[in-house]
Every structure is written in structure tokens, then in C-alpha cells.
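For the record, in the sequence shown the residue sitting at position 211 is 211 according to the working numbering, with numbers rising by one throughout.
Keep in mind the hints are simulated off the structure, nothing from the lab.
Think of the CB as a built atom: it goes at the ideal place given N, C-alpha and C, for glycine as much as any other residue.
Treat the hints with care, as some may be off.
[What the hints assert, rightly or not] List of simulated lysine to any residue pairs, SDA-like, C-alpha gap at most 25 Å:
{"hint": "1", "residue 1": "Lys-189", "residue 2": "Thr-158"}
{"hint": "2", "residue 1": "Lys-4", "residue 2": "Lys-82"}
{"hint": "3", "residue 1": "Lys-122", "residue 2": "Phe-169"}
{"hint": "4", "residue 1": "Lys-95", "residue 2": "Gln-47"}
{"hint": "5", "residue 1": "Lys-95", "residue 2": "Glu-49"}
{"hint": "6", "residue 1": "Lys-153", "residue 2": "Phe-175"}
{"hint": "7", "residue 1": "Lys-103", "residue 2": "Lys-153"}
{"hint": "8", "residue 1": "Lys-39", "residue 2": "Arg-27"}
{"hint": "9", "residue 1": "Lys-178", "residue 2": "Ala-37"}
{"hint": "10", "residue 1": "Lys-219", "residue 2": "Ala-208"}
{"hint": "11", "residue 1": "Lys-20", "residue 2": "Gln-68"}
[Unchecked claim] Restraint-style ranges between C-beta atoms, simulated for each label pair:
{"hint": "12", "residue 1": "Gln-31", "residue 2": "Asp-201", "range": "42 to 50 Å"}
{"hint": "13", "residue 1": "Asn-125", "residue 2": "Ile-12", "range": "39 to 47 Å"}
{"hint": "14", "residue 1": "Tyr-87", "residue 2": "Arg-27", "range": "28 to 36 Å"}
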Amino acid sequence: MNFKQFCSDLLILSDSDISKKMSAYIRDQFQFLGVPASKRKAASVKQFENAQDEGAIDWEFVEACWEQNFREFQYAAIDYLKIMTIYLEEDDFTKIENLITSKSWWDTVDGFHLIVASMVQKHPNLAENVLAWSTNENIWLRRSAIISQLSLKDKTDTESLSKIIKNNFHSDNFFIDKAIGWALRQYSKTDPDWVNQFIRDNKADLSALSYREATKILKNEI
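Hey, can you work out the whole structure from these sequences and the hints?
Here is the structure:
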């Protein structure tokens with residue numbers, strides 16, 4: 001991957017007015033170049049179009065992106081890893097964990113759920129690692145565990161989902177409680193009966209935020 005060229009491509013697209021708005025959206029946690037998502041993705045497509053032909057992940061490119069001060073580079077690294085999931089091996093799980101826990105905020109953390117799901121499907125024993133995340137002191141690993149099956153629909157491991165959510169009851173943390181509701185709401189699109197029953201069984205332990213988010217599209221009264 002040509003990191004210098006990619007930097008040039010993004011810098012040309014920077015906009016100081018947009019950068020302020022983008023930073024404000026995530027509570028000024030990070031700086032932005034001010035490149036809208038559509039333009040960033042167009043630049044990424046140009047850079048990554050032949051990436052899979054290389055046959056391996058360019059971790060130097062990923063790390064270089066992660067070291068940059070501007071948030072668009074972290075987004076680009078995630079976009080790249082999504083394209084390259086077929087090359088992610090079991091030993092790469094630690095690298096993914098390190099990325100999740102570095103420069104962490106919901107905007108990057110949430111971008112990893114497809115990557116994590118793909119790795120667990122390819123290497124089922126990694127499910128234990130994700131379960132371990134659910135009790136980690138790092139809230140972003142816990143959030144990642146909770147939302148790790150968002151994309152799996154009827155392939156969702158409900159036993160694992162239940163354990164992970166229960167491990168995070170009474171967290172008193174907005175990002176955790178929101179993730180619990182999100183995970184339940186997403187799975188309710190596939191199996192509303194299971195989600196209804198889970199909520200009935202655990203209503204006393206669900207925060208008001210988790211309950212509200214989980215029940216947004218459920219038609220049956222709980």
C-alpha cells in the first residue's frame with residue numbers, strides 16, 4: 001500500500017470548516033481533516049482496489065494510519081481491514097484488540113464489529129476471547145463484545161449474546177447500556193420472540209436506556 005500517496009489524496013480533500021463540525025460531533029475527542037465520508041471512501045476505493053491481490057494484510061499501512069492525528073486515517077484503516085478480512089488470521093486478533101483500545105471512541109470501535117464477527121466465524125475458538133472482553137475493565141472492549149454479532153442475523157450465538165449482555169448489567173455507562181439495547185434491537189429483526197423473552201426475563205436488570213433502545217421496533221408489549 002502506498003501510504004504517502006494516500007496521505008496526499010486525503011489532504012487535497014481537507015476542509016477546515018467541515019473539520020470543526022466533524023470534531024464537534026464526537027465531542028472534540030479527535031481532530032479531523034474535514035473529509036466527508038463519501039469523499040474519503042472514494043479515495044479509499046482508489047487506493048484499495050487491488051489490495052486483495054497482494055495476498056496479505058499490510059500492517060505497516062494500518063499502523064501508519066493509526067498513528068496519524070487526523071481521524072479520517074483511522075477510518076481508512078478500518079475500511080482497509082474490512083476489505084482484507086479474508087486474510088485475517090487467528091494471531092491477528094491481538095492486533096485488532098490493540099486497535100480497538102488505542103485512540104478509542106465509539107466511532108472507530110463500532111467499525112470493528114464486522115471484522116470481529118468475521119474472525120470468530122473463521123476461528124470459532126476466538127469466541128472465548130470475545131467473551132473475555134465482556135468483563136474487561138476497558139469499556140471499549142466490553143462494547144465491542146456486546147455488538148460483535150450485530151451482522152450475524154440467524155447465525156447469532158444467542159447463548160454467547162446472553163452471557164455477554166448479562167456480564168454488563170448495571171454498568172452505569174452510557175456506551176455500554178446503549179450497546180446492549182442496540183444488540184438486542186438488531187437481533188429482534190431476526191428473532192423477536194427470543195428478544196422479547198430475554199427482556200421479560202431480565203427487565204429488572206436492564207437500564208432504562210438499554211430497554212428503550214431494545215424495544216424500539218418490537219411490536220409485542222413486554
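Which numbered hints are broken by the structure, listed smallest first? 3 and 7
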